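Student: What follows is the residue order along each chain.
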Amino acid sequence: MAITLGELADHVDCELRGSRETVIDSVATFSGAGPNAITFLSNAAYKPQLPDTRAAAVILKPADADDCPVAALLHDDPYACYARVASLIYPAPSHQPGVHPSAFVSDDAKVSGSAYIGPNAVVEDNAVIEDRCEIGPGSYVGPGCVIGAGTRLKANVTFVRAVTIGERGLIHPGAVVGGDGFGNAMTPNGWVKVPQVGGVRIGDDVEIGCNATVDCGAIEDTVIGNGVRLDNLVMIAHNCRIGDHTAMAAYTGIAGSTTIGARCLFAGKSGAVGHVTICDDVVVTGKTMVTKDIDQPGPYASSFAAEPAKEWAKNVARVRRLGKLFDRVSKLEKDKS
Amino acid sequence: MAITLGELADHVDCELRGSRETVIDSVATFSGAGPNAITFLSNAAYKPQLPDTRAAAVILKPADADDCPVAALLHDDPYACYARVASLIYPAPSHQPGVHPSAFVSDDAKVSGSAYIGPNAVVEDNAVIEDRCEIGPGSYVGPGCVIGAGTRLKANVTFVRAVTIGERGLIHPGAVVGGDGFGNAMTPNGWVKVPQVGGVRIGDDVEIGCNATVDCGAIEDTVIGNGVRLDNLVMIAHNCRIGDHTAMAAYTGIAGSTTIGARCLFAGKSGAVGHVTICDDVVVTGKTMVTKDIDQPGPYASSFAAEPAKEWAKNVARVRRLGKLFDRVSKLEKDKS
Amino acid sequence: MAITLGELADHVDCELRGSRETVIDSVATFSGAGPNAITFLSNAAYKPQLPDTRAAAVILKPADADDCPVAALLHDDPYACYARVASLIYPAPSHQPGVHPSAFVSDDAKVSGSAYIGPNAVVEDNAVIEDRCEIGPGSYVGPGCVIGAGTRLKANVTFVRAVTIGERGLIHPGAVVGGDGFGNAMTPNGWVKVPQVGGVRIGDDVEIGCNATVDCGAIEDTVIGNGVRLDNLVMIAHNCRIGDHTAMAAYTGIAGSTTIGARCLFAGKSGAVGHVTICDDVVVTGKTMVTKDIDQPGPYASSFAAEPAKEWAKNVARVRRLGKLFDRVSKLEKDKS
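Chains as they are written, first to last, in the working numbering: chain A, 1 to 337; chain B, 1 to 337; chain C, 1 to 337.
It cannot be assumed that every hint is accurate.
Listed next, the in silico DSSO-like pairs over lysine-lysine satisfying Cα-Cα at most 30 Å (straight line) [as the list claims (entries may be wrong)]:
hint, chain 1, residue 1, chain 2, residue 2
1, A, Lys334, A, Lys324
2, C, Lys331, B, Lys331
3, C, Lys336, C, Lys324
4, A, Lys331, A, Lys314
5, B, Lys336, B, Lys324
6, A, Lys310, B, Lys331
7, A, Lys331, C, Lys310
8, C, Lys310, B, Lys292
9, A, Lys336, C, Lys334
10, C, Lys331, C, Lys314
11, A, Lys47, C, Lys193
12, A, Lys193, B, Lys47
13, A, Lys193, A, Lys292
14, C, Lys324, A, Lys334
15, B, Lys324, C, Lys336
16, A, Lys334, A, Lys314
17, C, Lys193, C, Lys292
18, C, Lys324, C, Lys334
19, A, Lys310, B, Lys334
20, A, Lys331, B, Lys331
21, C, Lys324, C, Lys310
22, B, Lys314, A, Lys324
23, A, Lys324, B, Lys331
24, B, Lys324, A, Lys334
25, B, Lys47, B, Lys61
26, B, Lys324, B, Lys310
27, C, Lys314, B, Lys310
28, B, Lys331, B, Lys314
29, B, Lys334, B, Lys314
30, A, Lys310, B, Lys47
31, C, Lys47, C, Lys61
32, C, Lys324, B, Lys324
33, A, Lys336, C, Lys314
34, C, Lys314, C, Lys324
35, B, Lys292, B, Lys193
36, B, Lys324, B, Lys314
Calculated from the model, a selection of chain A residues having no Cβ within reach of chain C, i.e. all distances over 12 Å [said to hold, decoys possible]:
hint, residue
37, Glu15
38, Gly18
39, Lys61
40, Val105
These are computed hints drawn from the structure, not numbers from a lab.
Predicted model, so just to flag it, every value in this text is computed and none were measured.
Think of the CB as a built atom: it goes at the ideal place given N, C-alpha and C, for glycine as much as any other residue.
Whole structure, please, built from the sequences with the hints as guidance.
Tutor: Here it is, written out as structure tokens:
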């Protein structure tokens, strides 16, 4: 969508250096920017590219303004400002309200007249689809689910049953919410399934990535707070409680009945075992597994970084010989005394 | 479903202390139980909550019976007993038999009159859907698949081709069974695909989690035993053989041609490389990767637990300096002699 | 499909020892081979089974020919030769061209007359489906996607938007290509979504596994080269560039803006953090995480192999006590001097 720099500055409430009339129709990288594009400078590593930019305008910190050869939007947090600017230029695609003829909607479901139900979508008994929701093609909204106003399920999303989600949510394709938790009791005759009768309760402004899974609770609900961000292939097991604005990168896995605070960050392939409690503002680094309660904010780690395989093999061999090394040092100490 | 305590006790064949006439209509946690709920005491950590419970009844061990202020069902394994009780109160939802008008069923498929084929489901040539099966909305049953009696595919499940599953199976949304194994031969012109012509053979009473994948065999079948439990996002590669009642938690990945015994437990994010054999009753702990044959039952491990990142960084640095430490100790030993 | 050994030898251009007229109708393992099957000897571990084979023919190296009791196809790379032979015996299943009546195709999409659009598939505005493509049942081709000639999307595949793929691709069920990258800017009021406006550009002859995800670029396109092979549950984040003929096994995760060279191999559960560059011909071993640029070909590692849990616990404890061990060695050295 084309918009003037002046309008952008007003919308995001920041100072503009340059002409209010310049028309912006796209965002771009420094190297890819053309004459109607806006870009941003957030990471200092890109600053050397600033003098050569052919963008119409750059979003940057006030301190960088004098080095900018083109128009500038000044903001203390250029990346967040860029996010808002890009949202204005690229509004989320919207669909005409209505139920596609190939969709199936139960007579016992309640669908707002302003909602969109796409081709081959299915909405089951006692589901509620509120205003301006989008239930994308091939998506499934199971019995008793409640989809808050403005929430969008993209194509081939599955809400199994008893999932309640707030407003303005965005659920990406392949995500499955409300599947049975992994509850099994071992008996002499093998596993007996433990019925999973809780639901999933999700706050407002939540985004769930492609092929992520969030299981329903065993008895009570699994709970996802407001503003939570789950990347692709994340897995939240039954009975977990995830605090507001916590974000988890791809493959983060949280085992059952674990409680996580607000504003935590989980890097890719990290996770936590079941039945632990993690306080607010914890950062879990890539591939790290939390195995006990954490009550102090800050970063936690437990992984090694790749090395040439020969070097790494030496590390592994040395760790295996550590027991003998401890013995040798003890012997040296003893011999000395 | 409402049921009396007397009926429950008869069904699960255990001693009841209290009135047979009390009506139970739900399960609950200790803290959430109301006057018609039943709960259970399995983990001793919850015993302090027992005296205050407002549940109608508690399932517990005989040894705990005297501390129970309300009716009690006595069982040596309260969790397994709870699983059966909950199954009576919450029977799996069932559908009216029949093929939904929006489903597509090949004329060359064979579908039992007691089966349910949901909206927008697809059943291809030569598939067989046996009695009381449920093929959920948006699910796909590919050519030549055979779905045993009472097996349920929830919404948006995909059985690609040549998958045979036994009775009473439960496959969760997004699971893909029978996809091509990852077979590629490198040539000077790049990869050549190795056709994957085997199928998948699955036993009775198997449960497969959301977005899990089980690949077909390269030549012969991939085999999943009876009573196997696969959690969300598990991956079983081509030609694997998984023994009866083995359970694998989320993200467990088993590479090609690996054989796993019965009653093994794989914790989250664990797995095994290809072409190894693991005996019965092996427990693989979280994030552990099995890289060679295991012929002794018991627990196996290879992962580190999260520590504050600064502490962990010191560990990493010390491991990197181990080579020098070995040298220093050797020198001390040599100088001494 | 039945074919004579003579025809097979001609097709794959290799020497035949034995009768050209023998009919082959299947591939088999050594132990499973019957009188019309062909098998192969690539891994020397199977050579002891060669004298007893009941196969009609074996594909093997010239050096092994004299030990073969049946007909033989001689090739320096028996596995690659087998791949081609199997492709002749088991051609990919093909569908009758045409749009299934239950599919939905936008009036603004362009679909070749030789393409197949399966039951309940959806093709959105401005999508282009070229000659001989197959869009499988329940699959979704979003706005602006271009599917090159002969590319097949199996059942329940999702191409979200702005995905361009070349010729002869094969996308397995549950894969999601073109979902939003995980772009979020933290603000005092929580996360602000960064619109993901790039697309995904995929080369020719690419295969993507079940439930894998490839995100669209934040601004410019995510790029997957020719001949790339992605196994099940692989995750490629926004802005990545994957070089030609690189292969990634299950759960390989590549974080955002990382560039990977040609012919790299990533073993299962490996990956790379964001914003790194990896050169051609790098091998990343299982569970290894690349955290910085790699500019030398060869193998890289960072993982430990499973040990009996008690042994492993000792290793962990020793690593935790390494700081003290270093101190003890320093004291010994000091005392000596």
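Student: Checking each numbered hint in turn, tell me which of them this model violates, lowest number first.
Tutor: 30
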